[in-house]
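As you go down the protein sequences, you meet chains A and B in turn.
So in numbering that gives the first Met the number 0, spot 2 of the first sequence is number 1, and the numbers just go up one at a time.
So in numbering that gives the first Met the number 0, spot 251 of the second sequence is number 250, and the numbers just go up one at a time.
If you are wondering where the hints come from, they were derived from the structure by calculation, not from laboratory data.
Computed from a prediction, not measured in an experiment: that's the story for all the values here.
Please note: incorrect hints may appear among the correct ones.
Keeping only pairs whose Cα atoms sit at most 35 Å apart, straight-line, the calculated DSBU-like set for lysine-lysine is [what the hints assert, rightly or not]:
| hint | chain 1 | residue 1 | chain 2 | residue 2 |
| --- | --- | --- | --- | --- |
| 1 | B | K175 | B | K229 |
| 2 | A | K109 | B | K234 |
| 3 | B | K256 | B | K203 |
| 4 | A | K127 | A | K109 |
| 5 | A | K166 | B | K28 |
| 6 | A | K166 | B | K302 |
| 7 | A | K127 | B | K234 |
| 8 | A | K54 | A | K109 |
| 9 | B | K234 | B | K190 |
| 10 | B | K52 | B | K234 |
| 11 | A | K166 | A | K54 |
| 12 | B | K256 | B | K175 |
| 13 | A | K127 | B | K229 |
| 14 | B | K203 | A | K127 |
| 15 | A | K24 | A | K127 |
| 16 | A | K166 | B | K52 |
| 17 | B | K229 | B | K256 |
| 18 | B | K52 | A | K54 |
| 19 | B | K229 | A | K24 |
| 20 | B | K229 | B | K28 |
| 21 | A | K127 | A | K166 |
| 22 | A | K54 | A | K24 |
| 23 | B | K203 | B | K234 |
| 24 | A | K127 | B | K256 |
| 25 | B | K203 | B | K190 |
| 26 | A | K24 | B | K234 |
| 27 | B | K28 | A | K127 |
| 28 | B | K229 | A | K54 |
| 29 | A | K109 | B | K302 |
| 30 | A | K54 | A | K127 |
| 31 | B | K190 | B | K229 |
| 32 | B | K203 | B | K229 |
| 33 | A | K127 | B | K52 |
| 34 | A | K109 | B | K229 |
| 35 | B | K256 | B | K234 |
| 36 | B | K52 | B | K28 |
| 37 | A | K109 | B | K52 |
| 38 | B | K175 | B | K234 |
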Amino acid sequence: MRNGVVADTAQQADQPVAVGRLQAKFGDIDFAPAELMSSDDKRRGQISVRVPVEKLEAVMRFLRDDRECAFDMLVDVTCIDYLDYPGATDRFGVTYSLLSLAHNRRLWVKCFVNDPDPEVPTMTGIWKGADWPEREVYDLFGVRFAGHPDLRRIMTWEGFGSHPLRKEYPLEGRGERENYPVFTRRSA
Amino acid sequence: MIREEPGGDRWTLNFGPQHPATHGTLHLKLVLDGERIVRCVPEIGYLHCGFEKLGEHLDYNQYVVVTDRMNYLSPAANNLAWHHACETLFGIDLTPRCKVLRTLYAELARVLDHYLSVGAAALDLGALTAFVYGFNEREIIYDLFEEACGARFTTSISRVGGLFRDIPPTWPAAVKANLPRIGDCIEELEKLLVSNRIFIERTKGIGVVSHDDAIDWSLTGPAARASGVKRDLRKDEPYLCFAPGWDGNGSSPVPFKVPIAQGGDCYARFLVRLEEMRQSLGIIRLLIDNIPPGPVNALPDEKLTLPDKREIYFSIEGLIHHFEMVMTNRGFTPPVGEAYGSMETANGELGYYIVSDGGRCAYRARCRPPSLMNYQAFSAMIEGHQISDIVAVLGSMNIIAGELDR
Chain A
0 MRNGVVADTA QQADQPVAVG RLQAKFGDID FAPAELMSSD DKRRGQISVR
50 VPVEKLEAVM RFLRDDRECA FDMLVDVTCI DYLDYPGATD RFGVTYSLLS
100 LAHNRRLWVK CFVNDPDPEV PTMTGIWKGA DWPEREVYDL FGVRFAGHPD
150 LRRIMTWEGF GSHPLRKEYP LEGRGERENY PVFTRRSA
Chain B
0 MIREEPGGDR WTLNFGPQHP ATHGTLHLKL VLDGERIVRC VPEIGYLHCG
50 FEKLGEHLDY NQYVVVTDRM NYLSPAANNL AWHHACETLF GIDLTPRCKV
100 LRTLYAELAR VLDHYLSVGA AALDLGALTA FVYGFNEREI IYDLFEEACG
150 ARFTTSISRV GGLFRDIPPT WPAAVKANLP RIGDCIEELE KLLVSNRIFI
200 ERTKGIGVVS HDDAIDWSLT GPAARASGVK RDLRKDEPYL CFAPGWDGNG
250 SSPVPFKVPI AQGGDCYARF LVRLEEMRQS LGIIRLLIDN IPPGPVNALP
300 DEKLTLPDKR EIYFSIEGLI HHFEMVMTNR GFTPPVGEAY GSMETANGEL
350 GYYIVSDGGR CAYRARCRPP SLMNYQAFSA MIEGHQISDI VAVLGSMNII
400 AGELDR
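With the sequences and hints as input, model every part of the structure.
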């Protein structure tokens, strides 16, 4: 039962095309292309590349505009806090999930940034759809997006003060409702 | 209402967060010139409950209860998408019976979702009848879910590698008996709305998104397909019964058509949803007679799926197996790595990006909600329209606050 490759078979066939194009164009970057799932023998066809933060914007623009890559849709922007992750060296992995509608291929681009001032350039100039997910990452992880037109908190409120999806933020105990002053009609 | 600048003609108006037409807590800050919207800034987050944080503290089966609360119009679709991502991580291939049942649930959930979104869109424009008609049929589908899993609304229907339980033997007959009635209502909605002059005038040319903008704004689902973007994960990255050879014997994928419209306006989105319901019912009709026999849970020996309740109660091995799964110092042992699994739900691509460090809970459980990505295009769609068009566009985009804010 455990032999079939799970789902997402369509994108597997010629995945390295985009990686090859990247390596040809940006020879000085080590993209470290790898399957998202590296420790397993089964291939899932989900390839990720690492991009240093200085080159991120150029690489992303190339990925969208190059006709053989043509990643015209930014499916998602998210972040992973690798603080407690076994073997991790960098802390914040900002992860861009790209999709090429023409080639029906996906690519995950990871950009690692660290404390004390995690900052990556914004992608809103390349894909409009980067607007809210970047705000979400800023809100929940505290990674700033340089050049974002409207970098405000989106899920929590202005003045919340911390970034709840960071690993040092506990599940319970901080930001609880009971810790806030109660306003009634009379006291407000 | 606040006058934006002294002596100016622009007014600022808060729309929501408690407006009945927002179907949840959506808040828009509008700058108005008369009734025309000059600028619109959506403020979201009123329903933020930290679902992704919870995902790091609940194991792969427990978290399914939280996914119910995301898109609460079609909870089953969220359950299936979550476990689809989990199974991509674990590398589990499902049994044919499970695949068919999951496909049926997913399509029933799609019909469930579309009935409400089409009905509510009409309700907001003053057509109460369509809403009530849609809700009648939703009631039937709720009953079907109740018969299959015991819950009408928060189904929590799937588990890693299978389902919460097998269907009762009477279920396929119950679905078949109710299919004609569910299908008839689509025609009734069509008669009520498709050539209704008021409805057309309120929706045609309103909230237009061009093909390129839809891609640029990361729109998925009916919102993208109404703008002519030809993409449906069921066809493009097929899963379950939509994948070729899904039953291991070279079965062809379940046939269906992906409806596309060119208008990109509220009316086009409405038409796409109607046709998607028809196609979903077609899929159900094809599969309901051909549910293969066999187990619903894959890999009973690999300690990934919960054993059958009879085994737990009547054999010591089953009991140990059960405890190994549910105790907090035991549980899942997934491979270390990351995986992305996504499904075409009623609103678009619902994806989960799971990072695993080998523990029983996910290290990170990112949800890519279609509503969030669709809603960010809203201010661009609405600017230049009238106040009354807001409800038309909101209704046609089907923004679900639970999934939007998580």
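Below or equal to 35 Å on CA atoms is what counts here, so check K203 of chain B against K127 of chain A. Cα-Cα ~25 Å, so holds.
Straight-line alpha-carbon gap K190 of chain B to K229 of chain B, limit 35 Å: holds, 27 Å
Restraint status (C-alpha distance of K175 of chain B to K234 of chain B at most 35 Å): holds, 25 Å
Hinted pair K166 of chain A and K52 of chain B, Cα distance within 35 Å: holds, 9 Å
Going straight from one Cα to the other, do K175 of chain B and K229 of chain B come out at no more than 35 Å? With Cα atoms ~31 Å apart, K175 of chain B and K229 of chain B stay inside 35 Å; holds.
Restraint status (C-alpha distance of K127 of chain A to K234 of chain B at most 35 Å): holds, 26 Å
With a cut-off of 35 Å on the C-alpha distance, tell me whether K166 of chain A and K28 of chain B pass. It holds: about 33 Å lies between the C-alpha atoms, which stays within 35 Å.
Given the hinted pair K127 of chain A and K256 of chain B, is their alpha-carbon gap at most 35 Å? Distance ~30 Å between K127 of chain A and K256 of chain B Cα, so the pair holds.
Hinted pair K127 of chain A and K52 of chain B, Cα distance within 35 Å: holds, 27 Å
Can the restraint linking K229 of chain B and K256 of chain B be considered satisfied, given a maximum Cα separation of 35 Å? Between K229 of chain B and K256 of chain B the Cα gap is close to 11 Å, so the pair holds against 35 Å.
Would you check the hint for K54 of chain A and K127 of chain A, treating anything up to 35 Å between C-alpha atoms as holding? holds, 20 Å
For a C-alpha distance cap of 35 Å, please report whether K52 of chain B and K28 of chain B respect it. holds, 29 Å
Going through the hint list in order, the structure satisfies each hint without exception.
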